[in-house]
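Here is how the chains run, residue by residue.
There are 2 protein chains.
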Amino acid sequence: MKRKIDYTLYLCTDRGLMSTGNLEDAVEQAVRGGTTVVQLREKDCSSAEFYETARKVKKITDAANVPLIINDRVDIALAADADGVHVGQSDLPAAVVRKIIGPDKIVGVSTATVEEAVKAQEDGADYIGVGAMFATGTKQNTRAVSMERLAEIRKAVDIPIVVIGGINETNAAQFNGTGINGLAVVSAIISKPDITAAAGTLRDIFQG
Amino acid sequence: MKRKIDYTLYLCTDRGLMSTGNLEDAVEQAVRGGTTVVQLREKDCSSAEFYETARKVKKITDAANVPLIINDRVDIALAADADGVHVGQSDLPAAVVRKIIGPDKIVGVSTATVEEAVKAQEDGADYIGVGAMFATGTKQNTRAVSMERLAEIRKAVDIPIVVIGGINETNAAQFNGTGINGLAVVSAIISKPDITAAAGTLRDIFQG
Chain V
1 MKRKIDYTLY
11 LCTDRGLMST
21 GNLEDAVEQA
31 VRGGTTVVQL
41 REKDCSSAEF
51 YETARKVKKI
61 TDAANVPLII
71 NDRVDIALAA
81 DADGVHVGQS
91 DLPAAVVRKI
101 IGPDKIVGVS
111 TATVEEAVKA
121 QEDGADYIGV
131 GAMFATGTKQ
141 NTRAVSMERL
151 AEIRKAVDIP
161 IVVIGGINET
171 NAAQFNGTGI
181 NGLAVVSAII
191 SKPDITAAAG
201 TLRDIFQG
Chain C
1 MKRKIDYTLY
11 LCTDRGLMST
21 GNLEDAVEQA
31 VRGGTTVVQL
41 REKDCSSAEF
51 YETARKVKKI
61 TDAANVPLII
71 NDRVDIALAA
81 DADGVHVGQS
91 DLPAAVVRKI
101 IGPDKIVGVS
111 TATVEEAVKA
121 QEDGADYIGV
131 GAMFATGTKQ
141 NTRAVSMERL
151 AEIRKAVDIP
161 IVVIGGINET
171 NAAQFNGTGI
181 NGLAVVSAII
191 SKPDITAAAG
201 TLRDIFQG
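Sequence lines, in order, name chains V and C. Sequential numbering of the first sequence, starting at 1, is according to my numbering. Sequential numbering of the second sequence, starting at 1, is according to my numbering.
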């Protein structure tokens, strides 16, 4: 059966942005601070390494009862029995992902327009990421999404929305009252010296 | 049901080594020359591009009744409904691949030692690639496999073996009488101005 997810604070990992320590430790600290979803994103490693990392991180997320989502790689998600997969517009199409991953896993899709959001919902996505909301050093070729566009997307789809892209403790409060379901962050948690505290601060700011 | 494969001439694609034209044309010319298996190997593109390329190449291989194997990416193999997947020692473990791809798809594994070959067979591989047999510019960190080692591997496993790594028209005859099932080549077909003729030449040389 499909897992019910609390999207409030959604951490995307990025080893390149980590200030210290290893990835498993960082995830452990983030979930201790109130992170409710973890997405594992690995772009520059072998499939074997991605799989091994996913298995290690899953032990931590399982212990914290937090779902683990794998970025892009449906095969790694299946191999590690993760809770789901997240795909962007240049990954496998969501409808294809749904077909090969089955009905019980979570499928998330990155979107930046109303059209992409509606298509993701039609294709069987469980949630969408919307962004980039702000300028960010994490992703190249990011397309900025205005607060007006976000409101249009919120009206156009029923599935949960997490916002992503440059969100941090100074701008997170803007999303209170917008009807979105959570904040997706990378550096605002993973780059901080005190990851647990950074996650806790974001949770305190975002009330939904 | 699992497809019965003729491994005689096994082409691994590599866009970087192509002398001219596009990939689909090259595959079409290779199967016209007698290529019996095509493995699609794409390392530097998005998942969406890999998937689209796999779908295009599959139209060609289907029309020629030649099986299509996807390198590394089990999800792309499933998405494109390819005939199987080929994994190396730094990809997903073969036993995990078998579990997620199901019993009816072909699973191939790259091996260089008796131990790796026996493990691949135990883990459910349908065939193994053995190499690198000769020095090659295609793969970094290749481990050379001697003809003696190849004979040991042939004795140790029952599943089909294709040899790979620097095989071309000047050395292919060495494998006649060794009990292996086919030649896997990259540049000896894909880099040639006349791909159809190059494939035909290799087929003529290797009699098994």
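Just to be clear, a hint being listed does not mean it is correct.
One copy or two, either will do: identical chains are not told apart, so a pair holds if it fits within one copy or between any two.
To be verified - Simulated crosslink set (DSS-like; lysine-lysine; CA at most 25 Å straight-line): (1) 155 to 119; (2) 2 to 56; (3) 119 to 56; (4) 58 to 99; (5) 99 to 119; (6) 2 to 99; (7) 99 to 43.
Calculated from the structure, these hints are not laboratory results.
Name the hints, by number, that the structure is in violation of. none
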